[in-house]
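Participant: Once you have looked at the hints, place chain B on chain A.
For the record, the sequence lines run as chains A and B.
So the first sequence is numbered by this note's numbering: it starts at 1 and just counts up by one.
So the second sequence is numbered by this note's numbering: it starts at 116 and just counts up by one.
Treat the hints as calculated values from the structure; they're not laboratory data.
The model shown is predicted, which means the values in this text are computed figures rather than measured ones.
Heads up, the beta-carbon is just placed ideally off N, CA and C, and yes, glycines get one too.
There's no promise every hint is true.
Simulated restraints on C-beta separations [unchecked claim]:
no.: 1; chain 1: A; residue 1: 69; chain 2: B; residue 2: 143; range: 29 to 37 Å
no.: 2; chain 1: B; residue 1: 143; chain 2: A; residue 2: 14; range: 28 to 36 Å
no.: 3; chain 1: A; residue 1: 77; chain 2: B; residue 2: 130; range: 44 to 52 Å
Some chain B residues well away from chain A (every beta-carbon gap over 10 Å; in silico) [said to hold, decoys possible]:
no.: 4; residue: 128
no.: 5; residue: 141
no.: 6; residue: 160
no.: 7; residue: 194
no.: 8; residue: 212
no.: 9; residue: 217
no.: 10; residue: 221
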Amino acid sequence: DSGVTQTPKHLITATGQRVTLRCSPRSGDLSVYWYQQSLDQGLQFLIQYYNGEERAKGNILERFSAQQFPDLHSELNLSSLELGDSALYFCASSRTSGGAGNEQFFGPGTRLTVL
Amino acid sequence: GNSVTQMEGPVTLSEEAFLTINCTYTATGYPSLFWYVQYPGEGLQLLLKATKADDKGSNKGFEATYRKETTSFHLEKGSVQVSDSAVYFCALSGGDQFYFGTGTSLTVIP
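Chain A extracted, bound-state conformation (with noise of 0.2 Å):
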């Protein structure tokens, strides 16, 4: 158990709707980031938070977006899905931004399904 918890684990909706994928970080991690993982894409960064605030951000679409709460939970919302949406979705923490052995802890993921 890496001490990074997701919900829902499986989430089933149509296109066009709209869902919010929420993440805990381990404790004491401040840095939280989104992944998408498909199996034509492989592993795709979203974007990355950090004590709040916007890090990073990778391929992460204009219908995506993302935030991080004071008690640094996160949550991905997700609109006007398409098909190609569905995917696994992964959040990791990590204790920092960056630097030297900062190593991410995986959450067991989010299976979307669109249909």
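Facilitator: Frame of chain A; chain B shown alone:
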């Protein structure tokens, strides 16, 4: 910029065979290097890490040495088991960002 390139898969080996999964990196400064493993249906787990040149990370029989002269961090195991079947990701932490390779799928057959 920083990047990680790892060996294309999939890789299929017989039990007790020797494993090498190649990983090379491009980075400015002095990055930390990692190998993560993803077992079927699970999230990624840290397998091993190395934070400076010539460091050797090891865990569960796997090893990787941080080679600055060849900018490499190849993963090796002397004798693989069926339970090692998984996807392996090489990763780099440099500055404020984390970079993952594309993953190498390993299947070990009895």
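Participant: Decide, hint by hint, whether the structure agrees.
Facilitator: Evaluated hints:
1. 69(A) x 143(B): 29 to 37 Å: For residue 69(A) and residue 143(B) the Cβ distance comes to about 33 Å; the hint holds.
2. 143(B) x 14(A): 28 to 36 Å: Because 45 Å falls outside the window, the suggested range is violated.
3. 77(A) x 130(B): 44 to 52 Å: holds (45 Å)
4. 128: holds (22 Å)
5. 141: holds (16 Å)
6. 160: Given that some Cβ of chain A is not farther than 10 Å from that of residue 160(B), nearest at about 7 Å, it is violated.
7. 194: Residue 194(B) clear of chain A: closest Cβ-Cβ about 26 Å, beyond 10 Å.
8. 212: Check fails; 5 Å does not lie beyond 10 Å.
9. 217: violated (5 Å)
10. 221: The assertion about residue 221(B) holds, with a minimum of 15 Å to chain A.
The structure fails hints 2, 6, 8 and 9 (numbered hints given earlier, in ascending order).
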